[in-house]
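Enquirer: Chain by chain, the residues run as shown.
There are 2 protein chains.
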Amino acid sequence: MDKKWVYMFSEGNADQRNLLGGKGANLAEMTNIGLPVPQGFTVSTEACLDYINKDNELTEEMVEQIEEGMKKLNDITGKKFGDEENPLLVSVRSGARVSMPGMMDTILNLGLNDTTVEALSKKSENPRFAWDSYRRFIQMFGDVVQEIDKNKFEAVLDEIKEREGYNYDTELTVDDLKEVVGRYKEIVKEETGEEFPTEPKDQLLKAVEAVFRSWNNPRAIVYRNLNEIPHDYGTAVNVQSMVFGNMGDNSGTGVAFTRNPATGENKLYGEYLINAQGEDVVAGVRTPEPIARLEQDMPEVYKQFAETAHILEDHYGDMQDMEFTIDDGKLYMLQTRNGKRTAPAALQIAVDMVNEGKISKEEAITRIEAKALDQLLHPAFDEESLEEGVVIAEGLAASPGAGTGKIYFTAEDAIAAAENGEDVILVRKETSPEDIEGMHASNGILTSRGGMTSHAAVVARGMGTCCVAGVEDIVVDEDNKKLTAGGKTYTEGDYISIDGSTGKVYEGSIKTVPPELSGNFATIMEWADEIRNLDIRTNADSPRDAKQALDFGAEGIGLTRTEHMFFDEDRIPAVRRMILSPDRETREKYLADLLPMQKEDFKGMYEVMREKPITIRLLDPPLHEFLPTEEEDIEALAEDMDMSVEEMKANIDSLKEFNPMLGHRGVRLAVTYPEIAAMQTRAIMEAAIEVAEETGADIVPEIMIPLVGMKEEIKDVKKTIVETIEKVKEEKNSDIDYEVGTMIEIPRAAVLADQIAEEAEFFSFGTNDLTQMTFGYSRDDAGKFINEYKEKGFYQVDPFASIDQEGVGKLVENAVKLGHQTRPDMKMGVCGEHGGEPNSIKFFDKVGLDYVSCSPFRVPIARLAAAQAAVENKED
Amino acid sequence: MDKKWVYMFSEGNADQRNLLGGKGANLAEMTNIGLPVPQGFTVSTEACLDYINKDNELTEEMVEQIEEGMKKLNDITGKKFGDEENPLLVSVRSGARVSMPGMMDTILNLGLNDTTVEALSKKSENPRFAWDSYRRFIQMFGDVVQEIDKNKFEAVLDEIKEREGYNYDTELTVDDLKEVVGRYKEIVKEETGEEFPTEPKDQLLKAVEAVFRSWNNPRAIVYRNLNEIPHDYGTAVNVQSMVFGNMGDNSGTGVAFTRNPATGENKLYGEYLINAQGEDVVAGVRTPEPIARLEQDMPEVYKQFAETAHILEDHYGDMQDMEFTIDDGKLYMLQTRNGKRTAPAALQIAVDMVNEGKISKEEAITRIEAKALDQLLHPAFDEESLEEGVVIAEGLAASPGAGTGKIYFTAEDAIAAAENGEDVILVRKETSPEDIEGMHASNGILTSRGGMTSHAAVVARGMGTCCVAGVEDIVVDEDNKKLTAGGKTYTEGDYISIDGSTGKVYEGSIKTVPPELSGNFATIMEWADEIRNLDIRTNADSPRDAKQALDFGAEGIGLTRTEHMFFDEDRIPAVRRMILSPDRETREKYLADLLPMQKEDFKGMYEVMREKPITIRLLDPPLHEFLPTEEEDIEALAEDMDMSVEEMKANIDSLKEFNPMLGHRGVRLAVTYPEIAAMQTRAIMEAAIEVAEETGADIVPEIMIPLVGMKEEIKDVKKTIVETIEKVKEEKNSDIDYEVGTMIEIPRAAVLADQIAEEAEFFSFGTNDLTQMTFGYSRDDAGKFINEYKEKGFYQVDPFASIDQEGVGKLVENAVKLGHQTRPDMKMGVCGEHGGEPNSIKFFDKVGLDYVSCSPFRVPIARLAAAQAAVENKED
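Line order of the protein sequences matches chains A and B.
Position in the first sequence (first residue = 1) + 3 = the working numbering.
Position in the second sequence (first residue = 1) + 3 = the working numbering.
Just so you know, these hints were derived from the structure itself, not from any lab.
Remember, it's a predicted structure, so these values are computed and weren't measured experimentally.
A portion of the hints provided could be inaccurate.
No farther apart than 25 Å at their CA atoms in a straight line, the calculated lysine to any residue pairs in the SDA-like style are these [unchecked claim]: (1) A/6 with A/52; (2) A/820 with B/820; (3) A/722 with B/820.
From just these sequences and the hints, can you work out the full model?
Expert: Structure below.
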């Protein structure tokens, strides 16, 4: 039997959105539950993929099935496509699995030509309506199928209106419209070299093909890349018999939501226009009326519509976004779908619907897009103030939230200004670890270079400070403390405002409003916590971050990086002396200087977290990262260490690496300089024991070794750690418990996780590095080609934003299995940026991790996403 | 039942070398076939591992079994351990699975003390013998068990000899020896704080423990690392009843080979000493007699020994290395093992034994160590001339062979001197691609920096030129054209000689002898070719290398790197202009300049190889590698390209990368600059078509895309390649076949090889890069820690020398399976350095690759190793 490419509405249902697209599936569903839907059929998404795979060719089989569908539609409507007396007209619309702007949208009135327009005119007894429908059809077809600049059509209308002195299109007479049609056809001939197609079947097939082709137009590809929609979904095409809202004053068209999509209020919300077709509502030529007015204008229709809205909301169990048309007093539903809503509305609706008994808590938490929570956690621009904002540049939305303040160009200036009580936006070409304090002091961070994973972006997200990064159209002149954007120069102290959720940079100061975290937000979080399996930890290097994360509901710390502590201004001299020590003895001396500082760091962390677990990672980056690069700093250090500048430079040079990512770092440092690992271990254990004694908390330190690739490495370093711990325990007369584990971030460790687990007591997947090594990319260098890869549609998802499930994920899944073979009860988590990304979280739940760890501001998102993952993975 | 730790010789056999060690298994085997062996027992290797795992403790169970063994030995010998009248004495020796210097070796005469020495004296009627045995025992026990500096013992002997005016030990009287014993015991007490152990059982257990401990002494660990012997083999201990070669003139001891180990000649070869114990033969105090003399001295014993030698060689089917003792006219065999031999001897013996009908061709080829062939393929120093050589420095044996010549410090100078007919040794701090011509012109290459995988080492091995790299104790002053070694300075034109097989650097000129590749070598190669499954290809970038490899038996080229061609002096300007082109159009113009040159390169290759396959890899390294780094070159290029020097520097800077290994290279270049891939494809195809026409050869070009990690990448680039090829075919009116394949060198590609295989028509595993990414090492930077890893025994093998079978190999094995799932007949090979390494080759044969590709001078090794792999994998 031939493959089925075409489905009548009566043949489908709402579960078939993959095959029929969202619109087609819902039209079928509404048909099934007996609602008034103009009938039609759907050409499937599979047909679209087949068309693309065959280099844009509709197969004969497909054409036959479409013609068969038209015949059935003739029978259903009692009209006939192309008939000279009672012609059937149809609309043609795209409809993908998920709503997706950028593709070809709608063609109405298809089937009209010089003959059928006369029949329509006669049958409707409304020649003006018929000719207006005809000229609209040619205009839409010319625009979207034939790709003719639509201004060419508008120009004709404008010219006639000006000539005749009309203000509105509605003043055009039948003769005017006939002239318009004639001139439109001339435009088509000029632009395409061919006559406007008069054969309805020909019109239909061309329209179907145009929809299929539009799946791969550049805007659509960009949209899919931005929204992580796979490129192999394809779109369906819906062919539907026309109903007319423009038949007179007992006709009309409108859109409405079953609840308020901005606030969530449980009340019909929407608008409509009398005597209009769909496009008029959007076009904004006439101002639509609020939906409530319909009750006065057409009480019967309103009643029927309100009932239909109830039926649909109950049926789908979610707030609906509906399109409808009233054709000569009769209501028709043209579309329904789950309505988009703001984050506050999403919370309100979810909570309300549970309280109304319409949905369960499990369903409620799946109704809220986890990522959307982000906008609730940060300050936002006041809507009204924002309207007056002037955008001067646009970059990457690197860390969400809105910030306003005076611009400063160095971390020092930013700190000084903030101490003066000023609001600060820190502006840098790019940031480096030395800028961290300045970043902390600022309301927002703006950089002209760097991507979503640049230092500025990563650190800002960690801090919850808004950041716009990689704004390539501004020029930052750090030396002269000024920036140029859009031809205008801004100097130190000038106000700007940045929106880290959109990437926009505004001139001047814009008012911000603080986040609101109680009420519905708290309720939803509580439900999420009841449902989820994954624990949620946070990545935090300071008591301040730890505190923030606790407020957001973190249950522990999955990653404390010890190197950030090393960059502190007070310590970096000692760190550098330690690194450049000529021998172990000298190094141990300088390490002894660092010990009390590190210990204080860890005490601070334990004081905040108490019994909640903290995984502390031993020193990870290559040592040269800590060394000075500026001439004056080198000179100062040389003097400080009693060396000549040449010696110092040679020393620094000898630590340089060709590929630092793959160099002397992580566990390799701990193997070659066990004294560093010993110092850090001592600092951790002394801190834990002291805080445990002071507070009575039962603290179990988790010491994590980074970058392990071989069992032998962890075995060697574990020996250093355990020996140090046993010494500390004896000195302190303590019987504290502890765990020693490892990051899984080297492909070899993932492949041989069963061996690694013989030594490691826990695993923490470092999916950032694992992604880099598995792909063979350096994130810092990938910018040169990765954007081109995205544009070409190579990625289903950006592997640094959401874990590459089939490649990197396969290694993770396999490592989980192997690790559990060796230690069935082993605790496993993830501590890369993926730990806060909903799709990744779903994957981590599925492969059986115990926790995810993310930056503090992602904790609520992770809590919700983990609950959603639990629900979805249970269903699978 | 208790585990069995102790085996009497009569309980074992030759197949149990893993359990009993080589020595123990062979003693058991000789016992079984009825040869005269002093009886004893073996404590197993498992016992050693158990001892080490229990933190150096002999379990009670083990002690009981050892005592049980001694009781049985008492019964067998009719003597009694520790008995006051007829004491049993034993020797204690280590014996691992493979012969392994560095461990504790031998203790003789164990069981002697002040009482038993008297019994021995009486029983042997030879007090001098008894007391000499006693003092030897204390000395050996003190040295190896108690770790007392043996010079302390020697000093006593020397003092007494001087005092008494003796020349030889044999002049010592019984009283002298008693004095020696007394003073030895004092030394022991002084050094250990305890009396010398008088209890024989105590002596025995201490000796056993010392052997076990010696498995992990530093020398043993280093030896295992150097020889890629796993650290978890453990050693066995052999306890054997003593026989005495020092009982008088009808006693003696010796070692002999069944054939000549230097030449392979089929004639007993060895030496012996009358009236001596084993150590005297080695000590060199008396000059031993050649074994043939024994026929005159003791004709009956000689006859028995010659027969025994025959029996053993026939039994083991290989040349034997034997130790024997004659105790009062009676022959005892103390050891037999397969004899070590030189490479020429190995060939001779293998060929002879096949001709004698003793072994099959399959067995013959397994008798030759593949690596050892290397010494036959290169010039070597003339033995006699070498004796006068003065070593002035030592570095890494980076590329085998011997070379002598005048030193030059730049590639240009080397080329000029070679053109003048001089022998040249090129001396550099380190080499770079610009030095390649100079390296070609030289007899040898010496560098003061870089490891076994530095540019100099890799390129020299590829060329077959000898190289000593990383000679850290010389100072190379390139500017002043001199080098300093051992406090002496050598200037341009001075002669030195280097041995790339030992890493030694000699002063002056030393005569070399050319390799000999006919005769036995050719016979063995022919047999290997009959037996092996793997094809052997070579890595070659020039017709010269290709020719060399063909002479060595290569069956194709597995890797032609196109970038080496780019570095040619004539081309690099065009290459640089191409790279720095501001747009595609300009770049295409410069690429057109390069096209005829690349085409000529490929024509040269095809003219040599004809129908034999050549896999050509598209451009791989990051583009910045081709750009100038010296100020003057930058200035010249700026002028050439009509840019300011600042612009040029900014341009060069913008191409720099943090981690070039993980940067914009390989397929990523081909995706972003398809015009480069198109030019290279065109050059390949035009060359192939033209050579096919000129020669009538049926050429099928293989175009290889490097660094692929995603199916989408290869799909995209393949499109460029195929379009170009179709154009060329049309232009040339050709219907040539071709294949497009990929390297598998990114972990993700290995994990998703089934997907990659949908696009790739062949796989070539790039195990160099795959090893780097799987371990997360950059080879260039790993030096800082990798040596420490080796010293600590982390590696079973150096993963860059021999493939890491359990980690990287697991990815390879899996990728082979996945690739074959998609394309069952897919051709797969390997083209990294591992392709010429015997253990790796065995692995590649096992996982089902079709070919290995290695540098030309490794081809004979690979042919032999592949045959050995076929035999061994068939057995498995």
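Enquirer: Run every hint past the structure and note whether it holds.
Expert: Quick rundown of the hints versus the structure:
no.	hint	in the structure
1	A/6 with A/52	holds (13 Å)
2	A/820 with B/820	holds (20 Å)
3	A/722 with B/820	violated (39 Å)
Hint 3 from the list above is the single one not met by this structure.
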